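*Asks:* Those protein sequences? They're chains V and S, same order as listed.
For what it's worth, the numbering used here labels the leading residue of the first sequence as 1, then goes sequentially.
For what it's worth, the numbering used here labels the leading residue of the second sequence as 1, then goes sequentially.
Derived by calculation from the structure, the hints in this document are not laboratory data.
None of the values given here were measured: they were computed from a predicted structure.
You may find that some hints are simply not true.
Claimed, not checked - Straight line, CA to CA, 25 Å or less: simulated DMTMM-like cross-link-like pairs of lysine to aspartate or glutamate:
(1) K173(S) with E529(V)
(2) K203(S) with D121(V)
(3) K162(S) with D265(V)
Said to hold, decoys possible - The calculated label-pair distances, taken between Cβ atoms and stated as ranges, are:
(4) E540(V) with K23(S): 18 to 24 Å
(5) V625(V) with T18(S): 21 to 27 Å
(6) E141(S) with E540(V): 57 to 63 Å
For each residue, glycine too, the CB sits at the ideal point set by N, CA and C.
So the chains spell out like this:
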Amino acid sequence: MAQSSQAAGGLASIPALLQRNATLFADKDAYREKEFGIWQRWTWADTEKEIEALALGLINLGVAEGDFVAVIGRNRPYFYWSMVAAQSVGAVPVPVYNDSAADEMEYILGHCGAKYAIVEDQEQVDKIIDIQDSLHQFEHMIYIDPRGLRKYDHHALHEFSHIQNQGRAAYDEWITDLNERRAKLTYDSTCVMLYTSGTTGKPKGVVLSNRNVIESAKNSSEFDNLGAGEEILAYLPMAWVGDFIFSIGQAYWTGFCVNCPESPDTMMTDLREIGPTYYFAPPRVFETQLTSVMIRMEDASPMKRRMFKHFMAHAKKVGGDILDGKPVGGMDKLKYKLGEFLVYGPLKDTLGFGRVRVGYTAGEAIGPEIFEFYRSLGINLKQLYGQTEATVFITAQPDGEVRADTVGVPSPDVEIKIADNGEIFYRSPGTFVEYYNNPESTASTKDAEGWVATGDAGFFEEDSGHLRIIDRAKDVGKMADGSMFAPKYVENKLKFYPDILEAVLFGNGKDRCVAFINIDLTAVGNWAERNNIAYASYQELAGHPKVLDSIREHVETVNKSVAADPMLAGCQIHRFLVLHKELDADDGEMTRTRKVRRVIVADKFKDLIDALYSGASEVSTVTEVTYEDGRKGSISATLELRDAAVVSTAAKVAAE
Amino acid sequence: MSTQDSYVTDDGRTIGPTVMEMKNITLRFGGVKAITDISFDIREGEIRAIIGPNGAGKSSMLNVISGFYVPQEGEVWYKGAKRPPMRPYQVAQQGIARTFQNIALFEGMTVLDNVMTGRIRQMTTGLLGQAIWKGKAEREETENREAVERIIDFLEIQAIRKTPVGRLPYGLKKRVELARALAAEPSILLLDEPMAGMNVEEKEDMSRFILDMNDEFGTTIALIEHDMGVVMDLSDRVVVMDYGKKIGDGTPTEVRNNQAVIDAYLGVAHD
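If we strip away everything but chain S, and leave its shape as in the complex, we get (with noise of 0.2 Å):
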């Protein structure tokens, strides 16, 4: 099978050609090396999961995607062309979204507004329209509202819609991140670690509504996680770091049988 061929999962999804590939990338820190010589494709449609020990490199991978790092080796393929380096703005108005680690939410204003932000790609009225508010900027208006009462509808958050983030508990402010990201219609979904510090049935709630993005939605997920049960469950394929260096590559299968994998998790003795 050819990369470049769509095929059809066992569970009915179509999984397109490559929309991103990273190719040889490396980041260093002055002396320090994050990231050695790592590539990696992500597929059209696909759930990919970046796991690896603590300190391994996949938040710098990930912010390498979206911008926040540029490399200092290799090159970044997004939609069949190389990506010049560029500001992480740039990089969410070609369509690449995310959430964070450490939730990045406005605390003070209302679920509500905070999802709208993330709708400001679609927004093109300038400050002087939307201040006048009529015609476009309120047609417009009306339009995201919308976009946003159905991602709201689609995360079950309805009842705190109103409710200042602030006052959310920690799995809510989660969701709302979720929300927001959704919200961009994004081609690329990167998620930081969206189970960190969630309890079971958090992590459950959590999980299906990933699944059910990619399946409604058809939104690419690129995601780090250390849960290994959730990454197994829920991604087609797993790239494994370990020391900032891809020790594996594959489905889920495939990594949990990679000899190199295991030493990397359950450790090695060292001579």
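Chain V on its own, in the form it takes in the complex (with noise of 0.2 Å):
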């Protein structure tokens, strides 16, 4: 692939396109937030003068070009100025899970050797006193929020403000640097350095320059129209490369305005009050909106229960249709229409989906019902499949051609192939550079032409020439009798039910299959109350025999729909739990995006699984817990095991 180095228009880099947008778009809103109860905004000018100041303050500061400079906070506008002024001097911005306990964070910033970090709060600077010592390279910090903070040793330690102060009245001695230091970045200097996290082993650096994040930008803005009109909320966890794509490479593409939510708890009210007209959520987020739905109207008055379930039945029937522009029947479209006016719009506003243009799910399967839910009611939600080291984008869905089962064409400019064991290759502008410090792992991951492998197993459909993704190729193995197991298959079909949040399917290389799963709390306790059923704690609710007694009867289904494919029926669950605790990510068991890591909770649950496949009725066990600050703890439980009914396939076979 030929690759000029320089882009078109001198548009090399984000404070390039930054500083084209403070011209082109100055009076316009770049940036809002809410807070003390109003939204807080910053035009495009005003909020090139707010990173210039922090990137003067930086240099001021003494932070050199190719420093790494962590950035650990939840959205908010500081922290994307952040990143930019970092960009600005040359240095390049690392941000950080803000959750992540201190020894992850320990390993990212000595991995990388940070030399400053810029954080949102107390919470975060004591995570960062407390590993300090092990990090030597480390220099200073930047804080946001100056509460708590008054009485901390401030010899290495400042507030946001006071640097961007600083920054003003160093104006004069820095600008020239600034100029020369902004003037150097090219197509392929770093853009910024992203943590993968770490599905398998520890996270590892992806490195993406201003041509994989600029080009990426520019690719998907124009494959979904985006304009400088949109409207996004950036909620979703900063250190997570499509944050990154949306709020910064996206945004300062095409000159849209990001949104700050005022708080995590406030996320939902926001969402309503700006209406985003171009939107992003893993499944879990439209799953849990959706639950919240359900649980609302079975509190509503009948009259409004009726009215809901009527035209949603209709709105199943043709919504799609209508959405994807398919002929509908005339009385259809009008019965649409007038449920638009009773029930969809309504309650697109309530959600906040007032207004959405585009709307993306990706990260995760989605389950097809929810999936349809939300399309049923006229809301242009698409997939996409994207990586990290992609710059998000490998394949998308056009308008038109929305399924819930596929993922999509490729996405602009994105090369793929399918290698003979199922395995997805792709190569593309958006293709990172290096893992940092690691270039046997970049070596294992590209090869010498510039493909890179996924890890997912999939393939073409023939007439449509969508990908459809199966599994994780390393999660994809074989039952004892050669058949094919696809745990995520089967845990995707189970996760689709409301009351269960996450499944754990077992079964590679046995004769049969076992799960554990985790009921999810809001759903299943809603149930609890309206049925009279008393519980102190998750556990106890977990071990209810009335829970297991509906579980059992989801898994049963479940069974029935994974028989149906002869190709995957050696899937179906023979025995299962209810885990007494919820997989966590402090603990280890998940990743920070909420991906289970299966190696890990199979090793830290063995005997459940043995328990399992000896047949015993229940089991007891002692699990180690992690607290949010650190601390360890352990719960100890009784755990019932039950059995599921199979369809045998044997046996279908023999009658037919």
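Please dock the two separately framed chains into a single complex, following the hints provided.
*Replies:* This is how it looks when you write it as structure tokens:
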């Protein structure tokens, strides 16, 4: 692939795009953040000034070109400015998950050798002070919220606004340096370094160049016709590549406005107030919203409930087709319009989706029913398939070709090939530069020609040309009898039930499958309340016989549906248990993006798996848990193991 | 060290001169002596705790400070002047705000409206001005709203800003009550059992808010609390009461080693 070393129009870096926007969209809002009950706003011209003041302050503090600057906090304009200011002075921003425990931060800050950190508040400052002794290179820390920090030693600790003020005061001293450093940025300079969540092993630092970010932002913005008028709500973790592309890449490329919620708890209210036109969420967010809608409808008056059921059934019938522009009968159309007025419109407004033009879900498979629920309301929800290493985009669904079970066609400028074992490989302008300080991993992931192994198995559907993902390539295994073991396929089917939050299937190399199940506390708790079932804790609710009964029903229904596919019939669940604790990232059982770490779970709960295979009817266990502040404790429980009916494939064949 | 000199605590806070002094207070209800000849002072910027077993007279003491009860004997000195007997609202106007052991909020109003009521002292427009809602009244409301929003932000209750108080769980109601008291910008804040009925996590949160309030706004705080761990961690000085009498007064360490206090809490054999 021929790659030019300079971008068209000299827009070769994010700071360059910022300067363009400050001229082109000077009076247009670039950032909004709700604070003190009001949406505070900054135009692109304001933003440029804020970032310049910070960049000058960073130079003044001694930040050199090539230094790594960790950025740790929830989505706030200050942190986006911090990343662009770091780029402006030639440093590399490294956003870190703000809910990481201190030792995870220690690994990341130690691995990249960050000399500076820009953090949110006392909580993060305390974490870094704890690990500071083992970080020999570490020099200065900058915080946004001064609360509780007044008495700290301020030799190497600075308030964000002070750094900006120092920068403004030192304008004459450093502005030429800043301009020189900005001018040196090319399409090949590092734009950002993002640590992958690490489903396996330690996190790896993915280095993305300006080319990766700007080309991906440009292609994807054109793909969905994104313009300067879009509004997005930035609420997903800043350390995640998706947020970087949406809230920085695409925002700077197209000039749209990034809105930051007041606090994580007010996200839903803020979403409603902003009414984004472009929205991105992992399936979990859509699931949670749907669950809460359904729970609230249960409590609504009978009249409203009937109306909701009636029109939702109609939307299910024709809503998707209307959205895809397929022909629909006149009466149906009219009825849908009435439904829009009575049900769909108000519901979309309540959910904050009243203005959504393009919505994406990715990261995990989404339940077909959830997906169709939103689409039938007229929300243009689509799927995409991406990775940090690809700067997000590998495939995406074009408007009008949206289905729940595929992830779409290759994104613009992306080439895809499928290996013999089904593994998906891609090559694109977004392909990452390298894993920082890890040439072995770089070499084993990206070959000399630039093809990157995704680790996912999938295939292209012949008639539509859409890609379908089956599972992680390494998770696909064989049962003892040689039939295919695809755990995620079954788990996803289970997770589509609102009362099942998480499921983990085991059975690779065995003769039958068993499963762990996590209940969803919101859904099951509400159900318990309505049925007068008292419970004092998650553990107690999870072990309630009635809960187990209803989970068994779900498992048996899933078994029937799995048995319908002869290739995967071996993956039916013979026995299961409901775990006494939620799988949690703090305990290492999940990644920070909430993907189950299969191997760790299998290892940690080995006693439970053995008990499931032994045929015992209950098992006692003690599990170590880690609290958010890093303290450890343990919970002990006696779990009931249940059998589930399976559809015998052999019998079916014999009967036929 | 003279009691009138300012000093700096180990954790870097400045404690100023005496702001309130109770001199030989005695309070009777008919023949029952609830408080007998108690004297102590509260200094500017400190966290002052009043502790004691049940029925020791702690809440009565707090009610004397806030003007609910007028003691039969003794004097209350506030900001260098002897305070004449006054009604509770007059005490509030002097800058003493309080929370209640049993939450006393307007259940049907939103959190925001409840906290706004704490600003009443800062509002000068009358009924007519409020009704016409032009010029001063509007300006005042904006200013007060801004002050309230800062407190809402400080106590992290943004998500429930528009929720009616009646729908909130107990721990949050306590926090809203604290917000309302704080909205009055008090020079002394009286907290009557701020942690009663809370779980460990809620207690930790509340302790942090009390410390931060004292640290950020320099608010002088007098509190009654049962949880000894909390009291010892939070307060600068502690008054210990038992059967209406003062049996100890000093820093947490001093109080902890005071034999009379140990006896009151652990009990002694009566011959």
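*Asks:* State for each hint whether it applies.
*Replies:* These are the hints, each one checked on the structure:
Under the criterion of a C-alpha separation no larger than 25 Å, the hint pairing K173(S) with E529(V) is consistent with the structure, at around 23 Å. Between the alpha carbons of K203(S) and D121(V) the distance comes to roughly 21 Å, so the proposed pair stays at or under 25 Å and holds. Between K162(S) and D265(V), the direct Cα distance comes to roughly 13 Å. Compliance with the 25 Å bound is thereby established for this hinted pair. Here the CB-CB span from E540(V) to K23(S) is close to 55 Å, at odds with the stated 18 to 24 Å.
The beta-carbon spacing between V625(V) and T18(S), approximately 49 Å, falls outside the hinted interval of 21 to 27 Å. Separation of E141(S) from E540(V) is about 48 Å and departs from the stated range, judged on CB atoms against 57 to 63 Å.
Checked against the numbered hints listed earlier, the structure breaks hints 4, 5 and 6; every other hint is satisfied.
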